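Peer 1: Residues per chain are reported as follows:
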Amino acid sequence: MHAVLYSLLPACGVAVYFFGPSALSVLLIATLGCLATEAVCQRLMGQPVTLADGSAAITGVLLAFNLPPSSPWWLTLLGAVIAIAIGKQVYGGLGSNPFNPALVARVVLLISFPVQMTTWSAPAPLGSGLDLVTTATPLAEWKNAVMLTGQLPDEMQGSMANYFLGNMPGCLGEVSALALLLGAAYLFYRRVLTWHIPTAFVGTVVLLSGLFWLINPAKYPNPVFHLLTGGLILGAFYMATDMVTTPVSTKGMLLFGIGCGLLTVLIRLFGGYPEGVSFAILLMNAATPLIDRYLRPHTFGVLAGKA
Amino acid sequence: MKLKTFAGGIHPPDNKQWSSHKAIEDCPLPAEFVVPLAQHIGAPSVACVEIGQHVAKGQEIGTAKGFVSVPVHAPTSGEVIAIEYRSHPWGPSLPAIVIKSDGDDRWSTELQPADPADLSANDMIERVRQAGVVGMGGAAFPAHVKMSPPPEKKVRTLIFNGVECEPYLTADHRMMLEEPERILQGMALLQSVFGAERVVIGIEANKSDAIALFEKHCLGTAVEVVALKVKYPQGAEKQLIAAVTGKEVPSGGLPMDIGVAVHNVSTAAAVTDAVIHGRPLIERICTVTGPAIREPKNLRIRIGTLLSHLVEVCGGLVEQPGKIVLGGPMMGFTQLGFNAPATKGTSGLLLLRTQDIDPRPEGPCIRCARCVQACPIRIMPTTIAAYARRNLLAEAAEYCAMDCIECGSCSYVCPAAIPLVQSIRYGKAAILAEKRKSS
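Residue numbers (the numbering used here), protein chains in the order written: chain X, 161 to 467; chain L, 4 to 442.
Honestly, the hints are just simulated from the structure, not real lab data.
Being a predicted model, the structure only gives us computed values, none of them experimental.
Note that the Cβ used here is the ideal one computed from N, Cα and C, for glycine as well.
Careful: at least some of the hints might be erroneous.
Examples of chain L residues toward chain X, derived with CB under 7 angstroms [unchecked claim]:
1. F70
2. W110
3. V252
4. V375
5. I382
6. E401
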């Protein structure tokens, strides 16, 4: 599990570089909040305290990654308590929660505190002397333009290169595709990740958003834009691959990834929110027991017996 | 060359270097033998000698009871001094015949050699049955039963299992190197009994010397030597068949359902002894190995030799073992001590030190699915184990608990140290018990 923590370090670095001390404080409050909540819950339930397994710390970092850099301290702390207490411990702790704890917290906060959760800061790289100023994420920029004019904006603020590096407004851990992919490569190397869910998830988003883009490029952004902005890379490689809340069979994992991709594109293109990754993953988490039930591996010799 | 194999499985360290280079030695005879009446799958045999009676080596001392049963024989000449409950490798004490050796080691005069050319298939099967031959890879299923498929189940492919995929064990390996003729003769006899069209011997690639030797012996014959990828459980019957033929034995069925029969190489050697020499199964090769034994060896042992004697012959213990296993580390039986005797199925005695075993505390399942990927029979071990542990037997059965071959790959890969195969075994036994109760 500690490999996952290490893999998140590059993205932590990028967050602190672009968003400065406020990113650092969100990261610290979320992580410490999750660790403290886990310890308190386990103490109250008379169970051994298992902070050393790293899972609460991972939830903390992933929660921070899913929050705006400008999140006030109480919002972050509340998120940490929700993630661990309601997202995980009420179900029986590690291994028993049906939903990704960090995403449960993010969605509760998003629905309860929409203003704080959608106030975005433009990046102000360390040493640039810039202050964090409020702006819109690329996805919101596009969505607002489409809602107002029915068309893509004439000119976007960011470029694809900046999106890739993370030089754009967004949740503090989702901005840099580069840093996230570096961490993911390490996880593949350590064999913590398998390719099934990320490939199915990203592949579906690219194919489906590409289809809409081909139909009407004036209204729908191209697949690369979908890939690099918002939380797709973070979601596909770190949130949708949480083993506890995803299917165990290969076929089940592929279906899970495809479902996540489908829901993400539908929400982004036709939903009320500009971003749909977290809702998509949570909905597929809910479908996981069903997928595990109906998409089991074919037991050795079962097909042979029927033939 | 691309090696044949099956899907799934694991790669434990094979640890065969302890004994793979050691030539087979005859184990000195102990003064006393304990011969259990139950050494095979099926009905135990029934004692047919009395206390005080003198028996000759190879004389029948326990009679088979029913079709799925085999007789047991005296491992040496001597006197029956007790018929009583004794420690048994399976766990509980079971009835056994205790023989005090007279030191002569004199064969029974009733055993007759035969020329296979004069024997019909049924004669050969009967000689194998009388000799008490069982599958010697570990399962100890009576060989004559396997040799008598119903007429509608024609065996076209006969596979000989020289895989020995259990880590540490080298008994079959040494036998293949040192006694290939005994194995090849038995293979030919079994081929004539089955009338099989295709004969294959499968050997794991880590025994390249045995592969080369058999390729030399089989040159110009119809026997195919198939080198198999080193992977556990490559030697499990269904996995070996899948690797060699590309076909899967139907769920709940037997190899004969797809026209295949599998016999261990050491079973083939025992068939040679039985059919040609008229000699019953009273000895086998057993690997005594592991870091806790002073001098690992491959021994030719008589059935009924106490484990304590084997330890003594191998120079004694380096230190008090942390675990004593009869068979290999993956599927063997853990023993409480050295009081039990070696039986027909005893392929090895493994002695591990305390530091060789890894008693991690059990953690929660995080559904990492490594057990699902490793399972060679493609069931979902974590799901079945969870049901079994809650006594939800119908659910466990629905998830194909009964298909489990108990190879232990799931427990081996589990990062949370959950006793998966142990829980599934419990579930299988409970499901069978329910079935018996309701029928």
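Peer 1: Hint by hint, where does the structure go against what was stated? Just the numbers, ascending.
Peer 2: 1, 2 and 6
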